[in-house]
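Trainee: This is what each chain is made of:
2 protein chains.
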Amino acid sequence: MSEENVIYVGTKEVMNYVLAVTTQFNEGSEEVLLKARGRAINRAVDTAEIVRNRFLTDLDILDITTGTEEFEREEGGTSNVSTITIKLGKSD
Amino acid sequence: MSEENVIYVGTKEVMNYVLAVTTQFNEGSEEVLLKARGRAINRAVDTAEIVRNRFLTDLDILDITTGTEEFEREEGGTSNVSTITIKLGKSD
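Residue numbers (the working numbering), protein chains in the order written: chain A, 2 to 93; chain B, 2 to 93.
It is worth saying that the hints were derived from the structure and are not from the lab.
Just so you know, not all the hints are guaranteed correct.
Identical copies look the same in the list; a pair holds intra-copy or inter-copy alike.
The list that follows gives simulated cross-link-like pairs (lysine-lysine, DSS-like), each with its CA atoms no further than 30 Å apart [stated by the list, open to error]:
id: 1; residue 1: Lys36; residue 2: Lys91
id: 2; residue 1: Lys88; residue 2: Lys36
id: 3; residue 1: Lys91; residue 2: Lys13
Let the hints inform the model, and build the full structure from the sequences given.
Mentor: Here is the structure:
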């Protein structure tokens with residue numbers, strides 16, 4: 002994609018992210034990336050499903066990838082957290 | 002896949018599912034499907050990431066799909082829940 006349209010899904014209520022995605026597309030974006038880590042992963046999936054089922058039904062999930070990130074724990078040492086990236090766009 | 006090798010990820014500790022997947026492959030399965038709904042979705046992603054990073058490093062995530070299921074609430078009416086299916090297998 003020419004510009005990075007990335008929405009980071011965190012701990013807010015899911016409809017905040019649904020609105021953010023819908024706004025991005027309504028402002029002319031061709032694709033939007035939803036990114037989340039750890040427990041927010043299911044909220045990213047919820048966001049994608051709600052957007053394409055209820056708001057922008059011509060959208061599709063073009064790609065989903067997962068990964069692992071290492072982070073430093075407050076008490077020392079490192080832990081791993083899973084990540085997800087969901088690419089939403091118009092299906093041809 | 003010729004036989005259905007489906008592991009349903011629920012509320013148990015993630016290592017239970019990691020062990021289940023690893024066992025399936027060690028017993029000769031070519032592909033395994035991880036399925037989860039709602040809050041268990043991030044645990045399914047954790048399972049896939051841990052298996053391929055730490056236990057069976059020749060495995061890859063071949064496909065990830067999401068969906069929406071309707072269920073009946075105890076107090077009446079219906080709600081929607083997001084689902085995920087992660088296909089693990091050997092990359093060619």
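Trainee: Each hint: holds or not?
Mentor: To see whether the hints hold, each was checked on the structure:
Taking the shortest Cα distances, lysine 36 and lysine 91 sit within 30 Å of each other both inside one copy (18 Å) and across copies (26 Å). Within a single copy, lysine 88 and lysine 36 get their C-alpha atoms as close as 9 Å, and across copies as close as 20 Å, so both meet the 30 Å cut-off. Taking CA atoms no more than 30 Å apart as the test, lysine 91 paired with lysine 13 passes inside one copy only; the shortest distance there is 26 Å, against 37 Å between copies.
In the structure shown, no violation is registered for any of the earlier numbered hints.
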